[in-house]
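Undergrad: Sequential numbering from 1 applies to the sequence shown in UniProt numbering.
Please note that the accuracy of each hint is not assured.
With a cut-off of at most 25 Å between alpha-carbon atoms, the simulated DMTMM-like pairs for lysine to aspartate or glutamate come out as follows [to be verified]:
| id | residue 1 | residue 2 |
| --- | --- | --- |
| 1 | 1015 | 788 |
| 2 | 604 | 511 |
| 3 | 744 | 710 |
| 4 | 99 | 134 |
Just the calculated beta-carbon pair ranges, DEER-fashion [unchecked claim]:
| id | residue 1 | residue 2 | range |
| --- | --- | --- | --- |
| 5 | 502 | 980 | 52 to 58 Å |
| 6 | 714 | 877 | 55 to 61 Å |
| 7 | 1103 | 1030 | 40 to 46 Å |
| 8 | 600 | 303 | 35 to 41 Å |
| 9 | 885 | 1184 | 49 to 55 Å |
| 10 | 77 | 823 | 32 to 38 Å |
| 11 | 980 | 782 | 48 to 54 Å |
It is worth saying that the hints were derived from the structure and are not from the lab. For every residue, glycine included, the Cβ atom is placed at its ideal position computed from N, Cα and C.
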Amino acid sequence: MIMVKCTHSLRGRGEIRLFPIKKIGVIALACAVACGGLSAGASAAQVSASPEERLMGQIRTITGAEALSAPQSAAVRSDGTIIVSDTENHVIKQIRDGKALVLAGASLDYVKSVNGLPQGAWLDGGGETAFFHDPAGLAVDNRDNVYVADAGNHAIRRIDKEGNVTTVAGKPELGFADGSAEEARFYYPTDVAVTETGVIYVADTLNHVIRRIDATGKVTTIGSVPERAALWDDGVAVMAGGYVNGSFSEAEFNEPAGLAIDDKGNLYVSDSGNNAIRYIDFGNNTVTTAAGLSPEEADLEHELYAGPGYSDGSAGQAKFNAPRGLEWSDAYGLVIADSGNNAVRLLKDGEVSTLAGSWNGIGGNQDGIESEALFEAPADAVQLASGELLIADAGNDSLREWESYSLPEGFRADRTVQLDWNGKLIGAEEAGLLIKHGKTLIPADKLSELLGHEIAGDAGGMAPLRAVAEAQGQHIRWLADEKLIVAREKAGNTDSAASVELAAERTFTIDSLTGVAQVTQGGLLKQDAYVGMELGPGDRIETGGFSSAVLSAEDTGDIITIGEHSVMEVVSLHEADGARLTKLELVTGSAFYDVTDLSDSKDKFEVKAGETVNSVRGTHFVQSINPITGIFNQSVFSGVVSVLPAPHSGAGGAQATDGVHTIYPSQQISLDSRGEQDEPLIKTVNLDELVKLAGPEVIKKIIENKQQIDQENDEQLGRLQGGGLPELGGSLDLATQAEFEKYKQNVLNSLPGLLRQSVENGLLTEEEALQIINEVNQGITSTDRKYDLDREVPPLDPNAGVNPAEQPKRAAVEEKQRQLEEMRKNAEKEKNEKLEQNNVSLIEQMRRQMEALQAANQRLLEEKKKQAADKLLDQLDDLQKGRLADMMDKSERELKEREAEQARRIAAEAARNNPPSSGGYIPPAPGPTVEVEYSDDFRADADAGSNHFVSYGFKTTGLHMDTDVKVGITVKKDGETAGNVVVFREGEGEMAPTEGKFIFAPSEGSYKLSDLTSKDQNPVAFYIQFMEPGQYEMTFELLKVTESGLVSVGQQTRTITVSPSYSVSVAYDSGVFFIDSSAAGSPDGLSVDYQIQITGSSVSGKVFDVGVAGTESTITKETDADGKMNLAGSDLAELPDLSVGHHIVLSLSEGQYFVNGNYTIYVNMVEAGTDRLLGSSQYMFDINAS
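Produce the entire structure from the sequences given, and follow the hints as far as they go.
TA: Structure below.
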């Protein structure tokens, strides 16, 4: 029995005693005698399902999501007041009597950002007027001052006992500098720790070092700022952390994110990017690894972060996943918030164990005992005066408390077997316990009394304690040293998170982007998003104005379109026990989901949004959160969505929900995302409201999915009409055929109505709508199902599918929500007006300050980006350097193009909303616009001499779809028309240019503009061969056919980077090898060598005559002991230039042969005198001579 003593009292119950769950062994034998049920094997497997031991205890939620937003840290003042960093609300709160009140920070009373989230800023002053920006780690000194790692302001702040906020060191200008408090610069510090003497240590996260602030405010550094560059994405380099142990001047960290001072005054560091716990020994001035990956195991090379893992055991064997906050405790050792593994871990006496949370890395939100409690990205832990632990559960927006198991009142160790039934101590005689054949039996009437309902016993009136109690929702444990059977109530089903199998991580891919978006990927570094980037668990994507992103999961086919001003987090993307789990959170904004049918699958798809958890079995639905009112809306267009209001703190902190609501096609559910609405509103989808709240890209994606949505709805309506939908009920009442027909019309008219509403509201121009109609209608065969702007669409019937008896109740809920929305709008308006009236100079000053700082920080980040690119290029050879430089150029062009498009859209919107006053002058209508969209198969990089596929489509405004058009393609290199290209269409011969321009048209006449809108299926797609490497400019020109000839109405240019290409092949026949190689676009005079190896039986000492095909001169080469030989190109006098092609013959010399067996020849073509690989080939052959 392990017993750990602590000086803290435990609610009057005496010392803390930590009770671990024992491994099967000697203890299991005792348990089999006392409790029964382990002898059968199945129960034994259950107890040993995980190889780790877990301390006994339970988790409960003390402050829920309605009070906090992504809390990153907690601390405790001497009077027991809990301080918490309410990070995404940009304030510091204090918890008293279970309620969260603002201690310091004015963001919640300030103007919100355009996406509806609170804004951070920087301002010292009283608690009610000061501002923070992403406040993270907290620490309390012995005078009850609270120190704040104000991450977004790149500064360390202090809150005194009166609530006044001052800046200790740093300012909102990121950088790295030691010196005085005013001179020092930080880069996103995320944690602080303070000693008894007032020394402050800082985890300077994105500078990858630890900082020290002495009592005078002087800032110094522990560790060396790494000079390492890593790839953020293909072609995008960033400055990254490192991993080196050693002296203070040598050591390197990778995004250190948590600190804790131990009982020796030394410092533990959560080295998040290296998935390790580091130890700073001030006596020896050294940094070492305390647990997790070693520097050799991390093997960073060009990777940003070390690989994650999840395993307990010795410190050297344990693995972590983005560990964050730390807490030192005499009782527990080092407490670790293992954020990426959704668990709280312990490091004590050289061993790592899991205290609570997921067994396999999959998170959740559930209170309960140690084996059932679930977290979502826990960020910090702190020990309370009672000795218990408080956990900042960031992903669940809550504070959770861990309470260790305590022996029940009245327990005496000198007694016989006793029963602890949920805190009530019952002696063996009182309980009537009987041990028989290795099982513990209890009178059925006694067990019935304990459970609160009748249990049948055997003929003797007895029942097996373990089997019955566990079947009735009790958790049974045996404490051998205390001879105590412990029964505790289970919390419920932990589902996939209870799986013992370590979950494999999955990914989403960014398929397309418009405008600008940023991603926080894996760690704490936020960078621009790029097409092709992969997002995994814990990643976050944010879109700007007039911007969108489309994500796809290749393994499931799920597609998510994220609208403008939106924030989405990938909570979980895992696979365990053959089931794939997808959990997302829409923090703000809008998104459209196209989810694969899961009706007959173990897979699960969940989205948390607006205080709801939405379980999906395959459907098309859209979500939006009103940035002003906070009202969450979800509209379903096909399939079924089960909506569960997110758990919130009930009486006494208990977790409570408001029941599950089922939403069907053409229905929407609305409720308050801020937790103030008692009951959700379920009604027919409001198309006008949807168009106003969801971004244009989201609406377009819904409309474009008509064919699939119609098909799913036809199947579902068929089941409904036949009464075959077992889940039907609640929000949909179809008691009569007439009601069914009304509901069916709503379903069929939803998409045509949405299209028409989008045009009427100005979200789509008529030209844009016609372009979508043309593309979608091509895949629809039924005329009455095709989109048609000229066809009248009846409004949706608000009473379809609604039980008449429920209509008054629904009307009351709708009116209550309307009043809440109106109140929120007025309150926001009044707040803004009051701010402008009373603090106009302060607000204007803060706005200017924030804009200036953002501009300065952006310049610094651009410098860092260039520095990273230069460093990464310096580490590569010439060929790799050229390829990476090309990828960097491509990524930069992609970003600039998207930024330019966003700026164009912003300017157009401003002009539309604020037309100039012209004194009656009506300006001419704007001319047509032309934008070229490229298919995913059309890459911006190519190999010389290869067929490069070019597919594209035209997106236009101001042109009718029936316009007669042709297409002109111009290809230039170095500003001149490229003559070294070959252009042809599939199945046709080479095209000839006309005055340097390739004209694409049908064999007779011209195309209609409607023929050329699809980027993937377009008659003007073609192939092109670039014969030389370099950069080419390909211009796509839309030509209108007029009576006077072709008139250009718009064009767009794309840069194609062409690299040299090399090929080599090898074959064998009757003792002769044939090596053929060639190059396209290779540098003049390039010489190559051939590295050859033959594997198989008896390959050493083989002698070959080597020559060039068609010539007579040969040389002799012999294989070494490993079957290898090197053939220098310079050895073959008659070898032509590689651009012509090499044809080399290797013949076994006279008397040489291969014995019977299986062989393989490997050929590497390398640049002469180097190991730079240009091409390789292999050939397997058998010798079976009779």
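Undergrad: Looking at the structure, which of the earlier hints fail to hold?
TA: none
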